[in-house]
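Residue numbers (the numbering used here), protein chains in the order written: chain U, 1 to 189; chain W, 190 to 552.
Warning: the hint list may mix true and false statements.
Unchecked claim - Computed list of lysine-lysine pairs in DSSO-like fashion (alpha-carbon distance at most 30 Å, straight line):
{"id": "1", "chain 1": "W", "residue 1": "K384", "chain 2": "U", "residue 2": "K171"}
{"id": "2", "chain 1": "W", "residue 1": "K228", "chain 2": "U", "residue 2": "K142"}
{"id": "3", "chain 1": "U", "residue 1": "K129", "chain 2": "W", "residue 2": "K194"}
{"id": "4", "chain 1": "U", "residue 1": "K68", "chain 2": "U", "residue 2": "K53"}
{"id": "5", "chain 1": "W", "residue 1": "K540", "chain 2": "W", "residue 2": "K384"}
{"id": "6", "chain 1": "U", "residue 1": "K66", "chain 2": "W", "residue 2": "K228"}
{"id": "7", "chain 1": "W", "residue 1": "K213", "chain 2": "U", "residue 2": "K142"}
{"id": "8", "chain 1": "W", "residue 1": "K228", "chain 2": "U", "residue 2": "K182"}
{"id": "9", "chain 1": "W", "residue 1": "K540", "chain 2": "U", "residue 2": "K171"}
{"id": "10", "chain 1": "U", "residue 1": "K142", "chain 2": "W", "residue 2": "K240"}
{"id": "11", "chain 1": "U", "residue 1": "K92", "chain 2": "U", "residue 2": "K142"}
{"id": "12", "chain 1": "U", "residue 1": "K176", "chain 2": "W", "residue 2": "K194"}
{"id": "13", "chain 1": "U", "residue 1": "K68", "chain 2": "W", "residue 2": "K240"}
{"id": "14", "chain 1": "W", "residue 1": "K228", "chain 2": "U", "residue 2": "K183"}
{"id": "15", "chain 1": "U", "residue 1": "K28", "chain 2": "W", "residue 2": "K240"}
{"id": "16", "chain 1": "W", "residue 1": "K240", "chain 2": "U", "residue 2": "K129"}
{"id": "17", "chain 1": "U", "residue 1": "K92", "chain 2": "W", "residue 2": "K540"}
{"id": "18", "chain 1": "W", "residue 1": "K213", "chain 2": "U", "residue 2": "K182"}
{"id": "19", "chain 1": "U", "residue 1": "K183", "chain 2": "W", "residue 2": "K194"}
{"id": "20", "chain 1": "U", "residue 1": "K119", "chain 2": "W", "residue 2": "K240"}
{"id": "21", "chain 1": "W", "residue 1": "K220", "chain 2": "U", "residue 2": "K183"}
{"id": "22", "chain 1": "U", "residue 1": "K176", "chain 2": "W", "residue 2": "K540"}
Hint data in this document are derived by calculation from the structure and do not stem from the laboratory.
Each chain, written out:
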Amino acid sequence: MNKELKDSIPTDSEVILGILNNSESVLKRMYLAYFPMILQLIINNNGTTDDAKDIYQEAVIILYNKIKAGDFELSSKLKTFIYSICRRLWLKRLSHMSRFGGDIRDFQEHMHVEDDLEKQGDMDIQFSKMESALQLLGEPCKTIMEDFYIHNLSMQDICERFGYTNADNAKTQKYKCLQRLKKLFFQQK
Amino acid sequence: MNEYKLQEEIERYLNGEMSPEEIKQFELLRKENTAIDAKINEHQDFTRLLKQYSDRLALENRLNAIHDEIDVHTLTDELMVHPSWIVQLWRNHHSKISVAASVAIFAFLSVMFLTGKMTDQDSQYIQLRREVGNLKNKTDKINQKLTQNGRAERFNNTERFRGTGFAITSNGLIATNYHVINGADSVYVQNGAGKSFKAKVLYTEPQNDIAILKIVDTSFRNLGTIPYTIKKAESDLAESVYTYGYPQDAPHFDEGKVTSAVGLNGDSLDYQISIPINAGNSGSPLMDSRGNVVGIIQAKQTQLEGVHFAVKSSYLLSAIHNIPADSLTKRINLNTKNTLAGLTRVQQVKKLNNYVFIVKVYQ
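Given the sequences, and given the hints that come with them, work out the whole structure.
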């Protein structure tokens, strides 16, 4: 595959299908295709390249989840959707940093995307709670939790990895860890 | 069933590790006991969140990996909107530029103010014809009285302005300033003996502020030889000069020096002279010590004391020269013999008396 073809912008339906099929190359092509647009938006509106990366990835995650959840309707161009999400996110962040001067320099057409952002915001709160809960949990509990609930390892595997004498010990340990994690998670506000 | 056991069962149930028999039993238990039901739901949600969280982490890692392939730096240079240098200059330095501009404006205004340039040029320069307000009031009163007495006839000759003029030929050509007779309905001249003659405006040069009148009154008799000549050459600085005119009803003499060969703002039309002059002096002859007319008194500057202006006599000569031939009954013969030269100042002024007139302007 030559470079031009690789870098070409995937069609909107290609992207949706690709994400649904977990295609790494489609995700990559889409990412590369639309990043310059967002970089342009951010750096010309008081942002840094890191801000652009953050905002863009957040938007891609929103798109990704929306497609995965199956409720993505292609009512507008994907490009417009991504631009609008980023624009909204950036405006939010600017006002949060009180760096927002009242007008934003636009480079693309955009649309209303408030609802998508709200859903994402709730999710992000849950995730950050989970992150800090796992952080507070410490080792070896954290790894046991990840191995069992995320990587779906069997108790037998875990038993061997951590050198427990028998699976029951490992199970007891896992139970205690889970209780602690739940406690840490729900304690947070 | 203790907590630990229950947890075990819930996990087995959710992971589908139970036999159909056990599932039936467990679901029965779940239906009966709402506490257990809530526990199951909670566990399910929590593990799902854990899973989603890890998915998110994985996705972020994938995106970061993709992102690392982008040459952000070059892209940034390409995409940055580069405004023109003047806009950049303004953005980077606008506070400094503003301060500098304010200082500059302030300095400019203060200099303008201090040097007096701010005030209107025209107001510095008043031409010296005299508005005869008191006379005007008097005639108004007379008119009123006349009307009260029931007499329909009205005095209507309101004298509005006054200046001075001087004879340039013996047959009654009189030189004065254009601004004295400007807008006149009728012009009278009055000699030193108090006799008035009707005159008409023969020729004007508004740009040089010169007017030539001609006495047309039938009672006018030849003046006799004009005793002075009009000097062609320009007078030198510091030359002693004097004037003779009618700032009031009686003739007025005053003397001074030529202080500058140029007038207001370097105007070469005028001399500056140090003779104190007043309204009504406009049109008076400016004489040098030998009795030559060197100029016509014209104006003064309001803001500076002792700065007065007189139109140079060379302009008067050129104005006389420019009078159209058809408006003259006969050629102008300017006097070429100066009979004042040998006389004392007192005798000169005495002689002048016959040739200097009050110019009265009616509107």
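Each hint tested on the structure:
no.: 1; hint: W/K384 / U/K171; in the structure: violated (142 Å)
no.: 2; hint: W/K228 / U/K142; in the structure: holds (22 Å)
no.: 3; hint: U/K129 / W/K194; in the structure: holds (28 Å)
no.: 4; hint: U/K68 / U/K53; in the structure: holds (22 Å)
no.: 5; hint: W/K540 / W/K384; in the structure: holds (17 Å)
no.: 6; hint: U/K66 / W/K228; in the structure: holds (29 Å)
no.: 7; hint: W/K213 / U/K142; in the structure: violated (34 Å)
no.: 8; hint: W/K228 / U/K182; in the structure: holds (12 Å)
no.: 9; hint: W/K540 / U/K171; in the structure: violated (143 Å)
no.: 10; hint: U/K142 / W/K240; in the structure: holds (14 Å)
no.: 11; hint: U/K92 / U/K142; in the structure: violated (34 Å)
no.: 12; hint: U/K176 / W/K194; in the structure: holds (12 Å)
no.: 13; hint: U/K68 / W/K240; in the structure: holds (14 Å)
no.: 14; hint: W/K228 / U/K183; in the structure: holds (14 Å)
no.: 15; hint: U/K28 / W/K240; in the structure: holds (23 Å)
no.: 16; hint: W/K240 / U/K129; in the structure: holds (14 Å)
no.: 17; hint: U/K92 / W/K540; in the structure: violated (99 Å)
no.: 18; hint: W/K213 / U/K182; in the structure: holds (28 Å)
no.: 19; hint: U/K183 / W/K194; in the structure: holds (19 Å)
no.: 20; hint: U/K119 / W/K240; in the structure: holds (18 Å)
no.: 21; hint: W/K220 / U/K183; in the structure: holds (26 Å)
no.: 22; hint: U/K176 / W/K540; in the structure: violated (137 Å)
Hints 1, 7, 9, 11, 17, 22 from the list above are not met by this structure, while the remaining hints are.
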